[in-house]
Amino acid sequence: MEIIFSLWNEIIIRPMLNTLMVLYVVFFNNMGIAIIVFTILVRLITLPLTLKQVRQMRSMNLLQPKMKEIQERFKGDRARVSQETMKMYKEAGVSPLGCLGPLVVQMPILIGLFRVLIQTLFANPDDLVGLSDKLYSWISFLPIYEAAPLNNSFFGMNLAEPDPTSFVLPILVAASTWVQQKMTMMPSMDPRQQSSQNMMLWMMPIFLGVFSLGWPSGLPLYWIVSNLIGVSIQYFITGWGPLFPLFPKATPAPASNQPSQGSQDTTSEEVLEDGTSSTNRTNRRRSRRTGSERTRHRPQRGRGRNSK
Amino acid sequence: MVSLFLIAVVALGACQPNLGSSIQGWSPAVASGGVVYVATQQGKLKALIDDGTGVVSVKWSFPSGDDELGGVFNTPVVGEELIYVAAVDGMLYAIDKQTGAVGQNGWSATLVQDSDNQHLVSGPVVDASESTILVGSDDNNLYAINADNGAEKWRFMAGDKIWSTPVIANDTVYFGSHDRNVYALDLATGDVKWQFPTGGAVVARPLVWRDMVLIGSFDRKFYALDAEDGTELWTFDDANNWFWAGAVASNSFVFAPSMDGHVYALDRVGNLQWDYDAGSPLVANPVIVPRGLVIASREGDVSLIEITAGNLVNQYSDITPVEILAPIFTPPIPENSLSLTGIQVGGGNQQESVFVGAQDGTVHRIQAKSGLIKVWCFDTKEDAACQ
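These protein sequence lines map, in sequence, to chains S and B. Numbered by our numbering, the letters in the first sequence go through residues 1 to 308 in order. Numbered by our numbering, the letters in the second sequence go through residues 1 to 387 in order.
Some clues are possibly wrong.
[Claimed, not checked] Stretch by stretch, here's where chain B covers chain S in the computed footprint (C-beta under 8 Å, at least three residues): (1) 120-126; (2) 132-146.
[Claimed, not checked] Listed next, with one range per pair, are the computed distances between beta-carbon atoms: (3) B:ILE49 to S:ILE206: 26 to 34 Å; (4) S:ASN29 to B:ASP383: 42 to 50 Å; (5) B:ASP379 to S:GLY130: 23 to 31 Å; (6) S:GLY214 to B:ALA188: 28 to 36 Å.
Rather than coming from a laboratory, the hints here were simulated on the basis of the structure. Just so it is clear, CB atoms sit at the ideal spot from N, CA and C, and this is done for glycine as well.
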């Protein structure tokens, strides 16, 4: 157990904490800016994982019609369903656990981030004592030892204390989480899955918003910046996706809706092409079919690539 | 899947014990007249009867019932009739030593609001006539309080929090602040006599020794300043981490404990005589006993070190692996007893002992007469003897 704790400390906590301290010193002893730059850095480092995750999830989703077909064809024969499903995944170049890998890798990073932010933001004696033995003594070119305890003021807020307004940061946390989730939501053929997605679309933002009421402001700040970066990444990969229209007037039946058809169209391509390219092309084609409104919101960069 | 993952992450983050204010304080102990006063992690100040037989019992507990102080970081000060405690809840208490209540003789004063996330981390100090009590606070003020009734005499506002426990010498108050300065104020008026800028926050208790103010800073330097005008006399800058604990001095040397785990023995002009590696950060103030220097490392080792050469005499490891953060305490020892040959006897059986409070809620009385031998251990959570 001690070895695990030590590894956790040396591989996750100390590098992150010292990076944050360096950023704090470099960016004018301003913890708010340090957190923002730190979040950008973390998102950049984990960008390949994020991209892989998005692509894997899309690929999995696009295979759903075919999967349903397999389930119907071999109804009652679970072994065969499993065998055919695995065969389909293999042919499409998709790993069913592929989207879990990046999540597993990101999990310790995010948990570590929480720990690091809590450790650096709080200025009570216990946290400060714990901070001292995590600083790298070889960073002598910057005064990171001298920087503690940190100045937590940022735009009139104390980043170590909850939002003084009690609503601005929680609302931003909830709204940015909702937008990011909405953009990553994939239309599903399975009504149960669709319903659970819809539930999570609202549950998560409310859950996080309520939680962040009691968080030190530095954590919501991290979360909001991280969400904004996530939204930007998603925009450059898939455009606004299902974000617009925000509230569709009517929800068509899953079997006859357009995205599903789009998905079906591409299933055959999926086998021939790698998951990434087929995903992107499918999305672009679907975007054109679903109307001019969605096309208007497509990013210039994506359209340029598509035309090649 | 992503949502569930995020919920897990958020839940894990939110369940961290330090998220939000959960300050419990440390476990400082102080002994006087056959009684040991210890602040507990449950937010109580307990008076333990220590009759010298090794059997310890609780005399009183303050506050009574379900009320609590919120925690204490520094050693309470024992006066003639009252004991003074600066607590995390932002209050300064003067408690009747006999009854364990504020009562008619005592008082309590609200200096800062716990609800504003402000606390009293600094320990109190009382002047020789026990008329003024001084304490630093999270609202950047050093408060001078009338020891008779708790009324404010004056206050001085520094540029940042004051965690450093002040020291009084020659009608002057010395202390450090997060604003990186060391201050000297007039005890009667609170006027600034001088201030000295260091490179980091100053949370250590100053030591006034041979007309010098000796204090370490978060810039990893240990300073010797002229007590009269604050001019820098010398600095020691070989340490590798912050100076948190206050220094102590014998006749010849000053001992500066650092968070790099070393205690540095310096002569009066700042030359390093020896250093001893305790193996983990030194947060607790060391104490001097007739046999040598006693230090308690953060990882729980209490060591007795020979003063002249820095050799380990004996080690008490019964507390490991629990952390020791609070200042360790020894009852006052006459100046002429601070030699290696003069072992202190008499004056009550407490005088040959050190008192150590650990973060598991236990307090230890350790005899420092012939090595380090446990006299007793008391668990303040269970109110019972511990192993």
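Hints, one by one, checked against the model:
{"no.": "1", "hint": "120-126", "in the structure": "holds (count 5)"}
{"no.": "2", "hint": "132-146", "in the structure": "holds (count 7)"}
{"no.": "3", "hint": "B:ILE49 to S:ILE206: 26 to 34 Å", "in the structure": "55 Å, violated"}
{"no.": "4", "hint": "S:ASN29 to B:ASP383: 42 to 50 Å", "in the structure": "47 Å, holds"}
{"no.": "5", "hint": "B:ASP379 to S:GLY130: 23 to 31 Å", "in the structure": "24 Å, holds"}
{"no.": "6", "hint": "S:GLY214 to B:ALA188: 28 to 36 Å", "in the structure": "45 Å, violated"}
Hint compliance for this structure: hints 3 and 6 are not met, and every other hint is.
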